[in-house]
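*Asks:* Sequence:
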Amino acid sequence: MITSTKLKRLYFSFIGLTALLFVSCSGDEKTSPDDDQFDDGDNPVTIAKPVLNSINTSGWTLMFEDNFDSFEPTKWTKNNSTKSRAARPGIGINQWFWKPENVSYRNGNLVLRSEKVANDVLHCGGVFSNNLFEFKYGYIEAKIDIAETMFGTHTALWLQGDNMGNVDGTGNDGAEIDVFESAWVQDYTKSVVHIDGYGTSHKANTRKYDTPGIHSGYHIYGLLWNKDMLEVYYDGQFKTRYQGIWVPQVEEFLWLSTGASFGGTANFTSRNIGDFTEAKVDYVRVWRMN
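So the sequence shown is residues 0 to 289, counted in numbering that gives the first Met the number 0.
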């Protein structure tokens, strides 16, 4: 027969063992800085990491992110052209414009629509972060499904500096940095850095690089920027590097856009008015490299 004293001893032994197990389990499951998630009640939050195959990114800090669930006016302005951009008569486009209505959000994507609105007129979409988010040095990454290039449209991820037009023989005071412009129908693209404005003093440095599968599905485009260099990445792989006069030393802002292509190959003239193609951006992120 179990006495009340024995029952009390069994009860307190059980309580002690339970507490010991709780402490032990809690210690094993402690969140570390390397964990991909932290638990916020019922809503665990994923900590985004760059897609890079050859660089240790463990100490980097995410300083800008948009997953494009909806338009955020504190991050972006929609492009609205007041006059036509540069004509592309070689592919049948004599006028093209950025229009706010060509920017939309669908299924967690920024959607940039390029639509034929007249026989020789194209309307496109773009967003930029001027005066909303500007930064100096970092790693920029965007996951993008490009628009159809045979439509006469290129998709671009680029940066711009407010004082890019100042002529001093360098990009120190600002540059246009085209991480990519998908203007070609083959499996390659080009990056370009423009300095000293767009007039007679303009200088450009163009680099062609291979992009397997660029015309099918999403791919990840990256730019690593520090005081010494600009490095371009595609799906985590290093592609090309700029140094010297081509590296800005001032804050720049982001731009995501579609536009009339300069690649020289398209069937725009055979398309019907109202036909369109879309670029889809799943996310854009910028990390500070600590």
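Since the hints were derived computationally from the structure, they do not count as laboratory data. From the three backbone atoms N, C-alpha and C, an ideal C-beta is built for every residue, glycine too. Treat the hints loosely; a few may be bogus.
[Said to hold, decoys possible] Using C-beta positions, here's what the derived DEER-type ranges look like:
{"hint": "1", "residue 1": "Y197", "residue 2": "T56", "range": "19 to 25 Å"}
{"hint": "2", "residue 1": "T239", "residue 2": "D281", "range": "21 to 27 Å"}
{"hint": "3", "residue 1": "S103", "residue 2": "S83", "range": "18 to 24 Å"}
{"hint": "4", "residue 1": "D281", "residue 2": "M228", "range": "22 to 28 Å"}
{"hint": "5", "residue 1": "N225", "residue 2": "S80", "range": "31 to 37 Å"}
{"hint": "6", "residue 1": "R84", "residue 2": "S269", "range": "19 to 25 Å"}
{"hint": "7", "residue 1": "T56", "residue 2": "E133", "range": "20 to 26 Å"}
{"hint": "8", "residue 1": "E133", "residue 2": "S69", "range": "20 to 26 Å"}
{"hint": "9", "residue 1": "V120", "residue 2": "Q185", "range": "40 to 46 Å"}
{"hint": "10", "residue 1": "N165", "residue 2": "I272", "range": "37 to 43 Å"}
[To be verified] Restricting the straight-line Cα-Cα distance to at most 20 Å, the calculated cross-link-like pairs of lysine-lysine (PhoX-like) are:
{"hint": "11", "residue 1": "K238", "residue 2": "K189"}
{"hint": "12", "residue 1": "K82", "residue 2": "K98"}
{"hint": "13", "residue 1": "K142", "residue 2": "K226"}
{"hint": "14", "residue 1": "K135", "residue 2": "K226"}
{"hint": "15", "residue 1": "K74", "residue 2": "K98"}
{"hint": "16", "residue 1": "K98", "residue 2": "K77"}
{"hint": "17", "residue 1": "K77", "residue 2": "K238"}
{"hint": "18", "residue 1": "K189", "residue 2": "K142"}
{"hint": "19", "residue 1": "K74", "residue 2": "K279"}
{"hint": "20", "residue 1": "K135", "residue 2": "K74"}
{"hint": "21", "residue 1": "K142", "residue 2": "K74"}
{"hint": "22", "residue 1": "K202", "residue 2": "K189"}
{"hint": "23", "residue 1": "K279", "residue 2": "K142"}
{"hint": "24", "residue 1": "K279", "residue 2": "K98"}
{"hint": "25", "residue 1": "K202", "residue 2": "K48"}
*Asks:* Taking each numbered hint in turn, which are not upheld by the structure, reported in ascending numerical order?
*Replies:* Checked against the structure, the hints that fail are numbers 1, 9, 13, 17 and 25, while the rest are satisfied.
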